[in-house]
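With chain A fixed as given, assemble chain B onto it according to the hints.
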Amino acid sequence: MSFFPVNGPRNDSPGRGLSRRQLLRAAVGAGVALPFAAACATPVGGGGGGGSQPAVTGTVSAENPLGVPANEPFEVVIFDGGFGDAYARNIHQPLFRTKHPDVQIKHTATKEIAKTLQPRFASGNPPEFVNNSGDNAMDFGALIQDDQIADLTPLLDAPSWDDPNVKVRDTILPTAIEFGSYDGVFRVLPYANTVWGIWYSTKLFDENGWQVPKTWDEFLALCETIKKSGKCAPFTYAGKHPFYIYETILTLAAKIGGPDVLRNIDNLEDGAWKAEPVLTAATAFAEVGAKYLMQGTIGLDHIQTQTAHNKYQVAMLPNGSWLENEQKDSTPPDFGYAVFPLPSFSDSDAMPYGTLHSRPGEEYFVSAKSRNPRAGMEYMRAMLSKQGAGQFTELVSTLTVVKGAAEGRKLSPGLASASAALQAAGDNTVYFRFRQWYAELHDEVAAATGQLMSGRLTPQAWAERIQRKSEQIKRDDSVKKFQR
Amino acid sequence: MTHGRTRFIIGFLAFPVLLYLVYVISPYAQAFYIAMTNWRGVNANPQFVGLENFRRLLDDAVFWKAVWHNLLLLILLPVGTITIALFFAYLLNVGGEGRGVGGIRGSGFYKVVFFFPQVLAVAIIAVLFQQVFRPDRGGMLNGPLMALGLEPIGFLSNPDIALWSVLGVLIWQAVGFYVVLFSAGMASIPKEMYEAAQIDGAGRAAMFFRVTLPLLWDTVQVGWVYLGIAALDVFAVVWVMTAEQGGPDHSTTVIAAEIYRNAFDYFKFGYASAMGVVLFFFTIGFAVLALRLSRRERIEY
Numbered sequence: 001m002s003f004f005p006v007n008g009p010r011n012d013s014p015g016r017g018l019s020r021r022q023l024l025r026a027a028v029g030a031g032v033a034l035p036f037a038a039a040c041a042t043p044v045g046g047g048g049g050g051g052s053q054p055a056v057t058g059t060v061s062a063e064n065p066l067g068v069p070a071n072e073p074f075e076v077v078i079f080d081g082g083f084g085d086a087y088a089r090n091i092h093q094p095l096f097r098t099k100h101p102d103v104q105i106k107h108t109a110t111k112e113i114a115k116t117l118q119p120r121f122a123s124g125n126p127p128e129f130v131n132n133s134g135d136n137a138m139d140f141g142a143l144i145q146d147d148q149i150a151d152l153t154p155l156l157d158a159p160s161w162d163d164p165n166v167k168v169r170d171t172i173l174p175t176a177i178e179f180g181s182y183d184g185v186f187r188v189l190p191y192a193n194t195v196w197g198i199w200y201s202t203k204l205f206d207e208n209g210w211q212v213p214k215t216w217d218e219f220l221a222l223c224e225t226i227k228k229s230g231k232c233a234p235f236t237y238a239g240k241h242p243f244y245i246y247e248t249i250l251t252l253a254a255k256i257g258g259p260d261v262l263r264n265i266d267n268l269e270d271g272a273w274k275a276e277p278v279l280t281a282a283t284a285f286a287e288v289g290a291k292y293l294m295q296g297t298i299g300l301d302h303i304q305t306q307t308a309h310n311k312y313q314v315a316m317l318p319n320g321s322w323l324e325n326e327q328k329d330s331t332p333p334d335f336g337y338a339v340f341p342l343p344s345f346s347d348s349d350a351m352p353y354g355t356l357h358s359r360p361g362e363e364y365f366v367s368a369k370s371r372n373p374r375a376g377m378e379y380m381r382a383m384l385s386k387q388g389a390g391q392f393t394e395l396v397s398t399l400t401v402v403k404g405a406a407e408g409r410k411l412s413p414g415l416a417s418a419s420a421a422l423q424a425a426g427d428n429t430v431y432f433r434f435r436q437w438y439a440e441l442h443d444e445v446a447a448a449t450g451q452l453m454s455g456r457l458t459p460q461a462w463a464e465r466i467q468r469k470s471e472q473i474k475r476d477d478s479v480k481k482f483q484r
Numbered sequence: 001m002t003h004g005r006t007r008f009i010i011g012f013l014a015f016p017v018l019l020y021l022v023y024v025i026s027p028y029a030q031a032f033y034i035a036m037t038n039w040r041g042v043n044a045n046p047q048f049v050g051l052e053n054f055r056r057l058l059d060d061a062v063f064w065k066a067v068w069h070n071l072l073l074l075i076l077l078p079v080g081t082i083t084i085a086l087f088f089a090y091l092l093n094v095g096g097e098g099r100g101v102g103g104i105r106g107s108g109f110y111k112v113v114f115f116f117p118q119v120l121a122v123a124i125i126a127v128l129f130q131q132v133f134r135p136d137r138g139g140m141l142n143g144p145l146m147a148l149g150l151e152p153i154g155f156l157s158n159p160d161i162a163l164w165s166v167l168g169v170l171i172w173q174a175v176g177f178y179v180v181l182f183s184a185g186m187a188s189i190p191k192e193m194y195e196a197a198q199i200d201g202a203g204r205a206a207m208f209f210r211v212t213l214p215l216l217w218d219t220v221q222v223g224w225v226y227l228g229i230a231a232l233d234v235f236a237v238v239w240v241m242t243a244e245q246g247g248p249d250h251s252t253t254v255i256a257a258e259i260y261r262n263a264f265d266y267f268k269f270g271y272a273s274a275m276g277v278v279l280f281f282f283t284i285g286f287a288v289l290a291l292r293l294s295r296r297e298r299i300e301y
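Note that the protein sequences, when read in sequence, are chains A and B.
Read the first sequence against this note's numbering and you will find it ends at 484, with the numbers running on by one and no gaps.
Read the second sequence against this note's numbering and you will find it ends at 301, with the numbers running on by one and no gaps.
In isolation and in its complexed conformation, chain A is listed as follows:
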């Protein structure tokens, strides 16, 4: 897509103009975006169900509860993003080999999952094990709609890697099972457990005597104090990616009105976005947007705002617990990352102080139409061992969904703080799922929330706009619907 004509016009012979045929050819040749979708991958057609080969299985035994065939190779595809791929090569794959020394693992790492894999799914030759993550991840709804993802119930019912008397089901957080289930069937393993909250520097707060706010009034008062101090801006978020702030708004809405607020949103209920708690939360953050944002926030991305935070140019920002790992190269050694939960809005909040948005993320699945799906499931069983999960936590500074796997491990300050906040929250965690279910709704909420924060949309108009999109998706029968 350059402005450079492919066949340069023959301006050196001014007697000859451009014929109609040349012009039309140029129009086609200059790369109209049409062949885009078609050229990348097209369905192979033919054969009902789409040319998948029969799966291989081995003998089930106490040693091999999932029946992994002894000599069949399989392929592991890892998203090479924030976590890198070293954890798979150096932790999980050696661990897998301790029980299956003769099984060859083909390791593939890519930054672009969909571009690498989508043609393979369309042609019936998918890899066994996929870490479907990153900007270029494949749409889970589309994969499930087309029956590409294996049912992982056998994995849940298998004995755990560490203890034959305990099932895998009982070693992981119940939310992980809930999150991995689509239409009641567990199909996707979310491995990392993310905690959201407002992040700050303990050094900056201690030096200035600022206290973590527990109520919304205290929060606004703190913002005012910081603003008046002139030392830094009170608040920022990744302005170019308004997800970070709509996440915060929705968490506050759930705190005010209870978890059903988010359930209704996920289920595309009528009026879910216009519910009072959602409007209240949006109004509260619109006020923060109007008064306390770091200058330029709206136009900065997550790295730029996080770096401003590390440079003590801003005091607080909402983020997930991957933040510390993501910023490890630009954080001063004594910065002291820590997180606090959203302040309580009022005494009549439905959920107590300490309520967190926490959810399992970083998704893995086994391809239903791959050749050796059992090996993919066994690989997950290895990942879900105490050793596999614990070493992962240490290496990439992220909690996992494996219960107790972080115990006794060395945690960095931010991760320790997130872990403590999660402990304190107990059962008071909330989450929403529409971001994964309906990418279009996510984009609309992000776009509208950016406008809300910059004062171009009133909370009422914001809610109405998103509600319209939600209803439009509900009516669109080409999009698969989910319920929770």
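Hints in this document: simulated from the structure, not taken from any laboratory.
Here the structure is a predicted model, which is why all the values come from computation and not from measurement.
There is no bait here: all hints are sound.
Some residues of chain B that are not near chain A, with every Cβ distance over 10 Å (derived):
#1 6
#2 12
#3 13
#4 14
#5 50
#6 72
#7 74
#8 109
#9 110
#10 113
#11 147
#12 191
#13 201
Result set (DSSO-like, lysine-lysine): computed pairs, CA atoms no more than 27 Å apart in a straight line:
#14 A:274 with A:481
#15 A:474 with B:65
#16 A:99 with A:386
#17 A:227 with A:291
#18 A:99 with A:167
#19 B:65 with A:480
#20 B:65 with A:274
#21 A:231 with A:328
#22 A:474 with A:274
By construction, the Cβ of each residue, glycine as well, lies at the ideal position given by its N, Cα and C atoms.
Chain B only, in chain A's frame:
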């Protein structure tokens, strides 16, 4: 003899025609087919839905926003680029001071400098301008403004301005090429014509409108068509440079960006293909129209 010639032609043409069929025509044909399915990209057997996708397009506000932006660019990008490029090319070739016909001092150097943006990859330009437009002290434009105590301008974050920023980058990138193109065209205009005009007492403006532009018309026409197609095809700058890839709030999105988003973010390949088909007809329509409108008497010399 005739037989030999036919063989000769077939021998030369068969291979390119085959390549063209496989890599150009067949993707188009497939795209037309996919546009009539609800294919989501991972299934081997998409379901045929007829014109359903096109019906949906009619109520897709974001798509129409994208179409509108493409149409704006279709007019503004060629007008802006050609005007500036003609002005520069004229200065570099004819507009010099003093007697005789020649460019201003240092015109050879300027030609090279103007061409620089053309050498850079579009993605690099987009990243570069992201930094130029940054809304904080790190921004090349906003940094000095803020140092003077002024409010930063939201070049890419204010939806009222963002499309103009995109247009500015597109023109900045395109101008160099057309300066060189028009310079080459002007170089082939006989010097005697200018000299005759000068003797007749024509000023620089008169020389431009009475001599240069008419004799350069064919080249301008070619430039117009290419820029028009480029305007319909804008993608990389929007995708890489703008917030939310076509934002904020869809204020800079274009058809190609919506095709990409629907195909690779929403996995609605059928729907995205339908957009592609619409874009295809826009482009063909534009090409035909541009040819019709710019058809005029050719000046022979």
